[in-house]
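Asker: Protein chains in written order, with my numbering: chain E, 15 to 672; chain B, 102 to 198; chain D, 19 to 219; chain U, 3 to 362.
Derived by calculation from the structure, the hints in this document are not laboratory data. Predicted model only: the values in this text are computed from it and were never measured. Accuracy of the hints is not assured; some may be wrong.
[Claimed, not checked] List time: in silico DSS-like cross-link candidates among lysine-lysine, alpha-carbon distance up to 30 Å: (1) U/K232 x U/K146; (2) E/K324 x B/K170; (3) E/K577 x E/K654; (4) E/K382 x U/K120; (5) E/K461 x E/K224; (6) U/K281 x U/K258; (7) U/K197 x U/K157; (8) U/K100 x E/K461; (9) E/K324 x U/K120; (10) E/K102 x U/K287; (11) D/K81 x B/K133; (12) E/K568 x U/K120; (13) E/K102 x E/K228; (14) B/K170 x E/K224.
[As the list claims (entries may be wrong)] Calculated Cβ distances over 10 Å to all of chain E for the following chain B residues: (15) T112; (16) G116; (17) L128; (18) L132; (19) F138; (20) W143; (21) I151; (22) Y158; (23) M159; (24) I182; (25) V193.
[Said to hold, decoys possible] Partial pick of chain U residues on the chain E-facing surface, computed with a CB cut under 7 Å: (26) W78; (27) V86; (28) F91; (29) G92; (30) P112; (31) E114; (32) E122; (33) Y217; (34) F243; (35) T254; (36) S311; (37) Y320.
Just so you know, even glycine gets a beta-carbon here, dropped at the ideal spot from N, CA and C.
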Amino acid sequence: MNINWHDFFIVGNPLILGSQIAILLTMIGIVAGVTYLKKWKWLWREWLTTVDHKRIGIMYILSGVLMFFRGGVDGLLMKAQTSRPEMKFLDAQHYNEIFTTHGVIMILFAAMPLLIGLMNVVIPLQIGARDVAFPQLNALSFWLFFSGAMLFNISFVVGGSPDAGWTAYFPLAGKEFTPGIGNNYYAIALQIAGIGTLMTGINFIVTILKMRTKGMTLMRMPMFTWTSFIASVIIVASFPIFTVALALMTFDRIFGTHFFTLAGGGMDMMWANLFWLWGHPEVYIVVLPAFGMFSEVISTFSRKMLFGYKSMVFSIVGIAFLSMLVWVHHFFTMGAGPGVNSVFSITTMMIAIPTGVKMFNWLFTMRKGRIEFSTAMLWALAFIPCFIIGGVTGVMLAMGAADYQYHNTLFLVAHFHYVLIPGVVFAVFAGLYYWWPKMFGHMLNEKIGKIHFWFFTIGFNLTFMPMFFLGLDGAVRRSYTYSAESGYAPLFLLSTIGAVILAIGFGALCYNIYWSARYADRNISNDPWDARTLEWATASPPPFYNFAKLPEVKSVDSFWYMKKNNEGLTLKDEEIEEIHMPSNSGLPIYMGVIFGIAGFFLVFEWKIAALVATVGILIGLIIRSFDYNDGFHVHVDEIKETEKAWRNVDKGGNSHVS
Amino acid sequence: MAKNTKGFPLTHVLGFIMSLVLTFAALGVALKTNLPFKTILWIIGSLAVIQAALQLYMFMHMNEGEDGKSQIINVAYGFFIAFVTVAGSIWVMSFGM
Amino acid sequence: MSANVNTALPLEYQTEQNRMNILGFWIFLGAEIILFGTLFAVFSVLSARYAGGPTPKDLFEIKDVMVETILLLTSSFTCGLAIYEMRRHNRNGLLLWFIITLLLGAGFVFMEITEFIHYVHEGATMQTSAFLSSFFVLLGTHGLHVSMGIGWATMVIIQILKRGLTPVTARKTFIIGLYWHFLDVVWIFIFTFVYLARMVA
Amino acid sequence: MHGSKKRSNSVLFVKGFTIIIVKVNIWKGEKFMFKKSYLIPLLALVPTMLLSGCTNMVVFDPKGPAARDILDLINWSLIFMLLVVVVVFGLFGYIIWKYRAKPENADYEPPEEHGSTKLEIIWTVIPILIVIALTIPTVNTIYKLEKVPAGYENKKPITINVTSADWKWIFSYPEQGIETVNYVNIPAGTPVQFKLTSAGTMQSFWVPALGGQKYTMNKMETELYLTADKPGEFLGRNTNFNGKGYAEMEFTVEAKSPQAFEKWVKEVKETAPKLTEKKYNQLLKPTHLGRETFIGTHLAWVNHADMNSKTYTNPELYEVHGVKGKIFKEKETNSHSMDMEGMESMDKSEKSDGGEHNEH
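Let's have the full structure, built from the sequences with the hints guiding it.
Answerer: Okay, structure coming up:
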């Protein structure tokens with residue numbers, strides 16, 4: 015593939031030139047800053063080679079917020095281009111690249127890491143464990159995700175971004191209609207990140223099955239642990255399909271095979287089939303942990319046990335089972351015949367039933383409760399009505415015949431934003447505000463939090479509610495412009511105004527993170543929200559070994575039980591034993607880097623160089639096989655001293671919910 | 102466990118012989134008989150499933166250990182999803198094959 | 019993960035970490051079943067699309083396929099014997115049968131590569147048609163897994179020679195044994211649905 | 003972009019509706035400075051606003067039996083969905099208003115409620131009934147849309163082959179022996195059987211006023227019955243993204259009275275140019291075209307719906323960031339590789355106009 019060098023860097027477009035300079039400056043700034051503060055050794059020891067689930071979780075969350083920013087900017091650019099009819103701000107090619115990267119980044123590189131990050135931080139603490147089952151595999155999962163995300167992001171400035179939509183339907187995404195290497199980035203960067211996610215799925219299934227503390231039976235686990243467990247099962251069940259689909263796409267684009275091409279007997283429908291076989295379970299992977307977070311937040315801020323715990327568990331198992339049987343509702347209009355469309359209309363509508371059960375259980379958790387309007391709770395409250403609009407339009411879309419009029423219109427776009435943003439983004443915000451004290455030892459400012467909440471919620475509704483009506487009026491998705499005679503102009507303008515308010519909301523969150531890191535009150539109680547589950551039974555932020563003595567669990571909401579019966583809260587010296595913890599390792603970050611390099615060479619179709627880099631990957635595997643280092647022991651006196659530091663000087667901060 | 106008498110691995114030998122029998126049976130049914138294609142497909146398919154189950158239980162000790170139950174559920178769920186993928190893809194794509 | 023060793027169990031199950039690794043590997047095998055299931059779905063959908071190129075009847079010779087199948091089946095049997103010897107703490111018996119398993123596996127890979135080269139010489143390459151693309155990728159993925167397994171097993175053998183039979187090396191051997199048996203399970207379905215079914219159709 | 007569309011005056015209604023949405027959000031979580039008295043009239047306004055503003059949206063303004071059947075289904079589902087919205091919004095509003103934390107209930111300790119099977123049964127069975135109530139009409143409509151619409155069984159449907167190509171629509175009338183690009187005339191009151199296929203990327207043929215959409219795929223055929231009750235002009239477009247020229251892939255459907263349709267056909271037969279294979283290959287290049295009309299159809303030499311039909315791809319005419327597409331060195335030994343070279347040599351001969359788009 016003889017790519018001529020002046021195309022290596024994308025030139026000739028002020029926007030791209032501006033971002034190239036911006037990226038260059040930020041990189042130089044970071045390197046200079048770290049060298050100036052002489053923090054390289056600290057960075058290497060504490061963060062780059064860590065295997066501590068809490069550190070990995072925080073790294074996931076930071077990269078998730080960064081990617082959410084970039085995806086958001088993509089969204090704003092799209093809104094700017096469609097604010098007026100026949101707008102000349104972006105041309106078709108640039109707009110197509112932006113909506114493709116917006117889709118991929120928002121789902122795979124913003125929502126997934128934010129959720130997996132919160133899972134990483136919270137799950138071991140909630141089940142009373144010291145770390146995940148396979149700590150080094152956990153670090154490897156993060157670095158693979160990170161290298162996939164970085165590889166995908168440099169596509170904007172080096173070589174051109176993919177431009178066939180986040181679904182990359184064939185034959186458009188094939189070499190017959192989209193030359194260039196844009197879509198190679200899609201096939202390879204998502205493959206690397208996908209491998210990392212599959213490892214996370216396996217890791218969390220074993221952690222939750224095997225490492226629960228004494229007394230915590232499956233039916234006494236917190237709801238966020240349950241939803242993460244079921245989401246991990248769906249990850250293990252669906253990501254292999256995505257691995258195969260992306261591998262076949264890579265073969266088609268780089269090695270000239272005929273899986274999905276027009277020539278040589280390929281079948282382009284097979285790509286849509288494989289993509290959605292993974293695609294739909296993927297959106298349930300993203301929404302289930304979010305449901306778990308809402309259960310925790312609503313239960314804590316209504317000061318009441320989760321209503322109908324058993325039926326909540328059965329409903330997520332039901333959702334998981336059905337999620338693998340509905341994928342054809344994404345292509346009712348492909349003409350698979352009335353029989354197929356009817357069966358999948360039914361299975362898709364059935365999935366609304368367990369979701370409805372969960373919704374009523376949340377409402378009845380709040381009934382007879384004492385609802386406090388903290389920022390985290392506000393997000394959970396706003397979730398209910400907005401998600402109902404999303405869910406209701408989902409059932410309308412599930413009806414095969416009606417979908418012939420809704421499919422690929424802005425009605426569909428409004429639906430999935432009304433399900434993804436209240437369902438996942440609101441949950442992540444609620445989770446961040448709720449667990450921020452547990453992660454960092456200080457709380458996010460509630461006042462700025464409320465500004466963030468109101469701007470974001472109003473902006474969201476203002477942006478996406480008009481799209482329902484535009485879609486019913488015939489406006490299609492992914493169209494970079496529309497005619498003045500179409501009559502869509504006022505609603506599109508309204509939607510753009512909404513998007514600006516949405517962006518201000520996100521800006522308030524960034525300011526809140528900055529402000530709290532600098533000025534927030536540090537001496538707050540380790541249980542600021544007077545919560546109910548085990549992660550609040552240890553220090554905030556917890557010591558690296560989480561629990562000096564693994565707690566014993568007597569009931570669901572175990573920490574609430576411990577507080578009410580005043581059991582297991584004190585720690586006597588003779589109860590402390592030596593703790594065995596895994597040691598740091600440089601191998602995961604090495605693997606992330608070598609995978610990124612191999613991916614980069616394969617994207618540019620330099621097959622020999624990619625092969626050599628793959629040998630580097632094998633060497634990494636061999637080193638891991640010969641690595642017999644099985645951790646270190648934390649001595650009793652060190653534990654005693656850390657425990658004394660946080661236990662008896664209970665900083666007495668009340669749960670000041672303003 | 103420390104008995105190192107020259108025990109005879111009976112289950113393994115039995116398993117091996119049965120695998121061979123099943124393989125040659127499938128070969129015979131497929132090439133030697135002229136049954137309709139659909140029936141042959143069903144017979145050799147079920148022979149393959151039997152051989153796979155035999156392999157999982159006799160050689161791989163799937164139901165052994167404290168996690169035996171979760172291992173069985175896991176493999177069963179894996180085969181279920183694989184079946185849904187294969188049968189679903191064929192059924193949905195059949196109008197264009 | 020306190021190192022409370024439960025000596026009542028076989029060597030590879032004795033520590034908590036070992037039990038977790040084995041369960042983790044079983045879940046990985048669940049994912050592999052779905053991965054190969056998807057490759058089978060692609061093959062069964064595309065297997066009738068020759069695009070004018072060579073069809074399965076022109077290419078497949080049952081004799082070679084049977085030899086490959088017997089090789090892999092026997093290697094699965096000898097691998098079972100190796101694990102059986104390991105459970106009786108007989109290190110040399112384990113190493114003997116383990117090396118025989120790898121030789122049989124190497125034989126299988128050699129036969130498969132020659133089969134592929136033979137097809138390419140007949141003009142049936144991966145780029146010829148959708149049928150051949152899906153055939154080569156399905157068989158290739160399985161063959162690649164077997165070759166990776168041979169490499170991985172040699173690493174484990176070196177570790178057994180260096181450190182003898184400890185709970186850790188026993189666990190690694192047991193897991194490579196599971197991996198090997200699993201590849202034979204996949205080959206059973208390849209033999210049935212790729213070769214036999216297409217030669218009858 | 004051609005095809006004007008009547009301008010609706012729902013802007014006022016929609017702006018009003020969105021302001022109400024903003025008000026509802028403020029009320030949801032805000033401490034109680036907001037007077038409850040505003041609430042009831044505002045909420046009552048929403049459904050009236052919604053329903054009145056809805057008649058001029060194309061999906062709610064059907065001009066053909068297929069679109070009408072789908073609209074009946076949509077309205078049927080809207081009833082249940084509004085029911086669910088009202089129940090949940092009402093329950094939600096009531097609960098957070100009644101059980102909110104107030105200074106006076108500071109020492110109220112909420113009861114430990116495990117749940118109630120009775121309630122669980124209620125909110126499982128009722129949704130099941132709703133799903134059943136929605137499924138029956140859905141399945142009926144799905145099967146009904148596959149056939150000639152009710153009331154038109156006695157009329158003999160005419161067949162039109164639709165071929166979607168990169169960034170244009172090609173309509174062939176096998177019975178009349180003519181072919182048009184980017185516009186299609188049909189006799190009003192007669193069911194039309196559209197046989198859909200594509201010469202390249204996967205696209206979707208959609209005329210919202212007349213009925214649902216269906217995908218067009220290369221080497222495959224999908225079928226769609228559409229009928230226009232009365233003469234009129236309707237906008238149609240591609241809804242499945244297919245590259246740079248996707249946004250402008252619109253076409254017009256003109257339903258004429260049967261006599262006017264016959265007159266048009268006769269007129270085309272006299273005036274339109276003859277369609278040649280060279281001109282057809284020219285049409286398939288990735289460009290935007292205005293309206294064109296020909297005598298004869300391309301079905302004479304290629305039917306893209308046939309699985310072994312020739313592949314018409316011109317990758318070298320697609321350019322992304324300076325990188326030109328190229329067909330992989332076709333080492334195919336199969337039959338139709340010979341004329342593949344033929345196609346290429348012909349392409350090279352008329353490299354003149356290349357593939358620039360008259361983008362506007």
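Asker: All hints, please: hold or fail.
Answerer: Right, here's what the structure says about each hint:
1. U/K232 x U/K146: With Cα atoms ~21 Å apart, U/K232 and U/K146 stay inside 30 Å; holds.
2. E/K324 x B/K170: 22 Å, holds
3. E/K577 x E/K654: Holds, because 22 Å separates the two Cα atoms, which is no more than 30 Å.
4. E/K382 x U/K120: 18 Å, holds
5. E/K461 x E/K224: Not satisfied, since the Cα-Cα distance of roughly 41 Å exceeds 30 Å.
6. U/K281 x U/K258: 28 Å, holds
7. U/K197 x U/K157: 18 Å, holds
8. U/K100 x E/K461: With a Cα-Cα distance of about 24 Å, the restraint between U/K100 and E/K461 holds, given a limit of 30 Å.
9. E/K324 x U/K120: 14 Å, holds
10. E/K102 x U/K287: Status holds; Cα separation ~25 Å.
11. D/K81 x B/K133: Holds, at about 14 Å.
12. E/K568 x U/K120: 27 Å, holds
13. E/K102 x E/K228: 64 Å, violated
14. B/K170 x E/K224: Holds - the C-alpha atoms of E/K224 and B/K170 are around 13 Å apart, at most 30 Å.
15. T112: Non-interface label on B/T112 holds, nearest chain E Cβ at 28 Å vs cutoff 10 Å.
16. G116: 28 Å, holds
17. L128: 29 Å, holds
18. L132: 27 Å, holds
19. F138: 21 Å, holds
20. W143: 22 Å, holds
21. I151: 25 Å, holds
22. Y158: 22 Å, holds
23. M159: 25 Å, holds
24. I182: 5 Å, violated
25. V193: 5 Å, violated
26. W78: At about 9 Å, which exceeds the 7 Å cut-off, the nearest Cβ of chain E leaves the hint on U/W78 violated.
27. V86: 6 Å, holds
28. F91: 6 Å, holds
29. G92: Nearest chain E Cβ about 11 Å off; hint violated.
30. P112: 4 Å, holds
31. E114: 5 Å, holds
32. E122: 5 Å, holds
33. Y217: Given a least distance of 5 Å, the restraint on U/Y217 holds.
34. F243: Holds - the Cβ of U/F243 comes within 7 Å of chain E, reaching about 4 Å at its closest.
35. T254: Violated. Min distance 12 Å.
36. S311: 10 Å, violated
37. Y320: Holds: closest Cβ of chain E sits about 5 Å from U/Y320, inside 7 Å.
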